[in-house]
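**Q** Here is what each chain is made of, one letter per residue.
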Amino acid sequence: MTQFYTRMGDGKRVLMTREQMINDLQAGMADAADMGGVPDLSSNELEMILEIITDRNRVVGVEPGNEVVLTYDIGQLDFTGDNGNSGNGVDVGRLESALLHERALAADTFELAHADYSIKPVKPIISNEMQTMEQIQQQITVPYFYGAMPNAGLYYAPDGPYGNPADLMREFKIEEAMAAAELTADHLARDIEYVATRMMSAGADGFNFDTTASAGDADFVGTLKGAGALRKACPDAYIMIGMAGESVMGIHGSIEYDGSIVAGTYPHQQVKFAQKAGANVFGPVVNTNTSKSLAWNLARAVTFVKECVNVSDIPCHVNMGMGVGGIPMCETAPLDALTRCNKAMVEIAKVDGI
Amino acid sequence: MEDNKKALYDAMVSCKVPSIQGAVENARKAGLAATAIIDTMSEAMTQVGILFERGKLFLPHVLSAAAGMKNAMGVLGPELIESGGMSAKMASVVMGTVEGDVHDIGKSICSTMLQCAGFDVHDLGRDVPKAEFVRKVKEGCTMCGMSALMTTTMTVQKEVIEMLKAEGLRDKVVVMVGGAPVTQAYADKIGADIFGETASETTGKAKMAA
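Quick note, the sequences are listed as chains A and B, same order. Just so it is clear: in the first sequence, position 318 is 318 by my numbering, and no numbers are missing. Just so it is clear: in the second sequence, position 56 is 410 by my numbering, and no numbers are missing.
Hints listed in this document are in silico derivations from the structure and should not be mistaken for laboratory results. Fair warning: there could be bad hints in the mix.
Claimed, not checked - So the derived label-pair ranges between C-beta atoms look like this:
| # | chain 1 | residue 1 | chain 2 | residue 2 | range |
| --- | --- | --- | --- | --- | --- |
| 1 | A | Thr-332 | B | Val-456 | 34 to 42 Å |
| 2 | A | Asp-116 | B | Lys-559 | 41 to 49 Å |
| 3 | B | Lys-383 | A | Pro-39 | 42 to 50 Å |
| 4 | A | Asp-116 | B | Asp-393 | 47 to 55 Å |
| 5 | B | Pro-483 | A | Gly-93 | 53 to 61 Å |
| 6 | A | Pro-121 | B | Leu-523 | 29 to 37 Å |
| 7 | A | Pro-39 | B | Ala-485 | 53 to 61 Å |
| 8 | A | Ser-260 | B | Ala-539 | 39 to 47 Å |
Since the model is a prediction, treat every value here as computed from it, not as a measurement. Even for Gly, the Cβ is constructed at its ideal location relative to N, Cα and C.
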């Protein structure tokens with residue numbers, strides 16, 4: 001029986017038959033449909049994913065005319081960082097990195113980022129960031145944003161002023177834990193407004209909220225409120241909201257945005273909140289299961305993202321990198337898996353950008 | 355009467371302490387027996403555990419439901435003793451996170467779910483000295499649950515089992531182990547009777563063993 005080289009979710013190369021892949025495609029799709037309450041893919045769509053995965057070429061791509069916009073998170077840190085997550089350990093300045101992305105790497109948008117890449121630590125150095133934004137805007141042509149993670153974890157003890165819900169819940173202080181999360185959401189929203197409006201005044205074309213809800217539901221609500229304040233203050237700002245994971249963790253559990261609980265929501269529900277907050281682009285995330293095959297993970301990711309794109313009134317630029325979007329979780333994403341996942345997201349989930 | 359049970363069940367799954375309290379009061383006013391109230395709440399608590407594992411409910415919800423159940427036990431306790439309902443405990447269980455390890459949310463959820471399932475739970479908390487587990491077994495606990503969240507502390511579970519053997523108590527107690535680094539293979543290797551990956555799985559296995 002013919003076997004095809006493919007990957008597991010941790011990047012390991014394995015051999016699988018078409019039948020094994022079909023079983024995994026159906027199981028991955030069923031898992032997404034069950035967890036998120038989203039429709040199954042059609043048999044044609046599953047067949048298309050199978051064709052993409054079993055393509056004999058190492059690298060695959062979309063057909064001419066189907067190219068999509070490429071946007072980037074994390075700014076220059078994808079060059080300079082060297083901490084085992086996203087970087088290559090190449091020391092390069094922020095201006096040089098921005099121009100390299102624009103002129104050599106085909107980036108359609110780019111962003112300025114700070115080494116800490118979080119809202120809170122930008123506050124004391126806001127003047128430096130504004131100056132750098134103004135200088136780089138003199139030379140760059142593509143839309144150039146400011147980017148940072150909302151990172152509400154920095155507002156909880158021991159890093160911030162509010163009690164840590166994890167510690168409080170351990171002592172069964174549930175109401176105190178919830179109150180701390182609510183105060184954090186409001187504080188985060190104020191800080192976002194402070195940082196984002198100043199960066200806009202320095203010439204930024206917009207703001208990218210990256211890894212939203214990494215600290216749970218209060219993080220998400222704080223970001224949505226902050227984005228709403230930015231939209232009100234700067235009606236022309238281009239706002240991108242990208243998620244940290246496929247589901248919003250309920251650290252508070254019941255905190256609401258615009259009358260709806262955000263905990264436990266999946267991409268097709270999260271995008272509605274982003275729209276209400278005034279976002280121009282939403283970045284859905286689907287996590288990769290390292291114990292499952294590429295077929296399982298990709299079918300699952302496409303099932304979630306396709307529904308998100310279907311219900312969204314704004315463009316969706318899906319997060320595609322290590323450990324998300326069906327791509328294996330390893331430091332350098334394997335090109336065979338990376339290109340297959342991207343092609344499937346464009347041609348089947350119909351995303352507007354990557 | 356069935357409406358009251360359903361309202362009680364729904365209140366538990368809604369995970370709001372005041373709603374649970376109100377539903378318990380309504381059930382009592384309607385004449386529902388204390389044992390029936392607790393049975394309904396235990397059933398609902400199992401559902402809360404399932405929804406938690408599926409990512410539909412979160413830790414604050416589980417803790418709120420547990421707090422509601424704990425309050426109800428406080429109110430219904432005397433009535434349960436009077437009716438003999440309290441004597442129907444499945445088994446006496448000592449629970450704790452082993453010494454050197456301060457993580458206890460998972461263990462606390464497990465203790466709560468065991469309590470809701472009708473076990474007499476003695477939760478010793480976190481960073482529990484090995485000798486304390488042995489002491490509680492000597493005092494009559496027939497089940498011993500140990501949690502460890504670190505690879506450096508999971509070995510303490512084995513040491514407690516060895517101490518139980520040395521004291522001649524091993525055959526008198528069902529040993530349960532759990533925690534992030536613990537696996538079925540490890541539980542088998544150290545001679546534990548039950549491995550629970552989640553609180554509800556542990557509770558289910560404990561019910562079978564009791």
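**Q** Given the range 47 to 55 Å, decide if the beta-carbon distance of Asp-116 (chain A) to Asp-393 (chain B) lies inside it.
**A** holds (53 Å)
**Q** Honestly, do Pro-483 (chain B) and Gly-93 (chain A) meet the 53 to 61 Å range at C-beta?
**A** This hint holds: roughly 56 Å between Cβ atoms.
**Q** Can the suggested window of 34 to 42 Å be confirmed for the beta-carbon pair Thr-332 (chain A) and Val-456 (chain B)?
**A** holds (36 Å)
**Q** Okay, Ser-260 (chain A) versus Ala-539 (chain B) on CB: inside 39 to 47 Å?
**A** holds (43 Å)
**Q** Honestly, do Lys-383 (chain B) and Pro-39 (chain A) meet the 42 to 50 Å range at C-beta?
**A** holds (46 Å)
**Q** CB of Asp-116 (chain A) to CB of Lys-559 (chain B), is that within 41 to 49 Å?
**A** Taking Cβ atoms as reference, Asp-116 (chain A) and Lys-559 (chain B) lie about 45 Å apart, which means the hint holds.
**Q** So the hint says 53 to 61 Å: do the beta-carbon atoms of Pro-39 (chain A) and Ala-485 (chain B) match that?
**A** Between Pro-39 (chain A) and Ala-485 (chain B), where Cβ atoms are some 57 Å apart, the hint holds.
**Q** Note whether the CB distance of Pro-121 (chain A) and Leu-523 (chain B) lies within 29 to 37 Å or breaks it.
**A** Since Pro-121 (chain A) and Leu-523 (chain B) have Cβ atoms about 55 Å apart, the given range 29 to 37 Å is violated.
The structure is inconsistent with hint 6 alone, although it conforms to all the rest.
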